[in-house]
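Enquirer: Here is how the chains run, residue by residue.
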Amino acid sequence: MPTYTLAKALNEGLRRAMEDDPKVLIMGEDVGKLGGVFRVTDGLQKDFGEDRVIDTPLAESGIVGTAIGLAMRGYRPVCEIQFDGFVYPAFDQIVSQLAKVHYRSKGRVRLPVTIRIPFGGGIGAVEHHSESPEAYFVHTAGLKVVACSNAVDAYHMIRQAIASDDPVIFFEPKRRYWEKAEVDLAMAPDPLDQARVLRPGRDVTIAAYGPMVKVALDAATAAEEDGHQLEVIDLRTLSPLDTGTLLESVRRTGRLVVVHEAPTTLGLGAEIAAHVTEEAFYSLQAPVLRVTGFDTPYPSSRLEEDFLPDLDRVLDAVDRSLAF
Amino acid sequence: MTLGDIGVAAPPDPTGGPDLVQLLTPEGERVHHPDYPLEISAEEVRDLYRDLVLVRRVDVEATALQRQGELGIWASLLGQEAAQVGSGRALRSQDMAFPSYREHGVAWCRGVDPVQLLGLYRGTDLGGWDPKERNFNIYSIVIGSQTLHATGYAMGIQRDGEEAAVIAYFGDGASSQGDVNEAFVWASVFNTPLVFFCQNNQWAISEPIEKQSRIPLYQRALGFGFPGVRVDGNDVLACLAVTRAALEAARTGQGPTFIEAYTYRMGAHTTSDDPTRYRLASELEMWRLRDPIERVKAYLSRSGEADAAFFEAIDREADELAARVRQGCLDLPDPEPLTIFDEVYVEPTSHLERQRTRFAAYLDSFGEADH
Chain A
1 MPTYTLAKAL NEGLRRAMED DPKVLIMGED VGKLGGVFRV TDGLQKDFGE DRVIDTPLAE
61 SGIVGTAIGL AMRGYRPVCE IQFDGFVYPA FDQIVSQLAK VHYRSKGRVR LPVTIRIPFG
121 GGIGAVEHHS ESPEAYFVHT AGLKVVACSN AVDAYHMIRQ AIASDDPVIF FEPKRRYWEK
181 AEVDLAMAPD PLDQARVLRP GRDVTIAAYG PMVKVALDAA TAAEEDGHQL EVIDLRTLSP
241 LDTGTLLESV RRTGRLVVVH EAPTTLGLGA EIAAHVTEEA FYSLQAPVLR VTGFDTPYPS
301 SRLEEDFLPD LDRVLDAVDR SLAF
Chain B
325 MTLGDIGVAA PPDPTGGPDL VQLLTPEGER VHHPDYPLEI SAEEVRDLYR DLVLVRRVDV
385 EATALQRQGE LGIWASLLGQ EAAQVGSGRA LRSQDMAFPS YREHGVAWCR GVDPVQLLGL
445 YRGTDLGGWD PKERNFNIYS IVIGSQTLHA TGYAMGIQRD GEEAAVIAYF GDGASSQGDV
505 NEAFVWASVF NTPLVFFCQN NQWAISEPIE KQSRIPLYQR ALGFGFPGVR VDGNDVLACL
565 AVTRAALEAA RTGQGPTFIE AYTYRMGAHT TSDDPTRYRL ASELEMWRLR DPIERVKAYL
625 SRSGEADAAF FEAIDREADE LAARVRQGCL DLPDPEPLTI FDEVYVEPTS HLERQRTRFA
685 AYLDSFGEAD H
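If you read the protein sequences in the order shown, they are chains A and B.
Just so it is clear: in the first sequence, position 43 is 43 by the working numbering, and no numbers are missing.
Offset between the second sequence (1-based) and the working numbering: plus 324.
Think of the hints as simulated: they come from the structure by calculation, not from any bench.
Hints are supplied without guarantee of correctness; some may be wrong.
Within a straight-line C-alpha distance of at most 30 Å, the following computed DSBU-like cross-link-like pairs (lysine-lysine) qualify [what the hints assert, rightly or not]: (1) K214/A with K180/A; (2) K46/A with K23/A; (3) K23/A with K621/B; (4) K456/B with K106/A; (5) K33/A with K180/A; (6) K106/A with K23/A.
Model the full structure from these sequences, guided by the hints.
Expert: Structure below.
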């Protein structure tokens, strides 16, 4: 079983997808010779050629818009948006076109486009390189939105996203790109629309995704020393949410803390809190709490450790939940 | 150039200027252009005349349907028939067209039933035809967005090695959009088999062309690295010849062409618009003299290629078509409420199924009689 960094696992997943289906294309800025600024597409242009790994002009709307046209022609493009903060120029093409064409065409036109977006902070970057824009896309009907948190999921989820006939926004936790894991290439992965309980526990459920999963797991380890058993759920799929897994857990623990880097207001935590309150009201021992980035622009990098949820802020929320 | 030299653009020359490609004058005189020879039989010209008349008649009927409350809105093509029919008839079956929302004449040429165009405007659907069946994409309302889809589609044709081309329709207003300019860049650097067909109808709702550009639009193409042509958009023969040449260049690996069809929006932007607020009646009168249908009629009459019986027969056919379109519009079924949830995804989600189930139960709570 090979050991891959998360970035390498994505690279291998992309390679495998391209081998399996000649219609799979990769397109984006610097994805060719350079292999992408994070090297996720390293070596693919050399092996699959410039017609399948396309260095595009520097225009995000163009990347997504032409990917839509290629998909209409029967291709299965995988777009790389270089950084989270650069997806906004493509917003119209994603929200008004990519998400809606299947619906507008009464299901006659499918757009199996995957849009990979490195997201989140923690790497000391300049502004617009550390954002968490997932809620915009979760709010948009017609898109599927997923986030991987580790190398194993990265390898399998990118292949599943590409194989999906629906458009998928694929968030990659950029600060975890270099974290390694043994990747079982032959295993049958969980379906893309399922969350996963990574660590069972009876006291408080912690729901996280992407880069915050590691923070949640670390918090669970620390809480154990205080005698608290935290159950950690990696949401994996943000749209649709796997509410079944969440509700099953909350009905056992009675307590839920949602963790994400994105700002509080109308983030995933808000939707999850509303849903859990609606569906599991009598199981709750405490209100659903959120540990998130603040309702501010992403700050300059010397402040990002204060902005980003960390182990202590998660444990603080756990304590507040248990105190109810 | 000093800052003082930067004035506002002059209002456009109504004749289209010296570079305008024209094969049929507004008076119906057949003229020749060295770059665009056109061998065309009398029968083919009669067919084009028929297209023009039928397309205008359907458009008039749709406007009437809106006025009578049967359509929520209608975007009239009045005045742009030649640009659309000329370019539409230049297409081969394997070519793909990406319209905006006013290309009813192109839709006609592609064989899309006019009734299917009405669903979007009546509110019974969001795109009533199968793009693959007629190689005519569904309408696109976000201005210019479809030019990128056309470009991507053309990249697909390149990869498939098929001898086919794509045509992207948009207007003078769209030429200011980022997406359109990105499409120009893409088409240029990837040398895609693509024709950009810009109907410059002089107005983007209330904004005249000089609010969009200080230079003639076709001259922009050079800056992107491909040829730009200005054609008389009210001359169906010139539109046919110029588009045919551009499509052939595209199919044979010579890359994109920008065609500026110089025309005029004789009606309102849509039925919700009131052009008397922003333009002079005299301008409309001037363009009426350049009407795209009258010149073909004059040519056919004068050359003896069509007689009164022909014109009467076409008018009768137009009225019959209009009646059929009217009935078809009235017969468009209102969609069932639960179809709101259909086709959001290819692979349905349990989340949306739950919403559907709950809404169904809510509707059922009123009892069968109230449905």
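Enquirer: Report the numbers of all earlier hints that the structure fails to satisfy, in ascending order.
Expert: Hint 3 alone not satisfied by this model.
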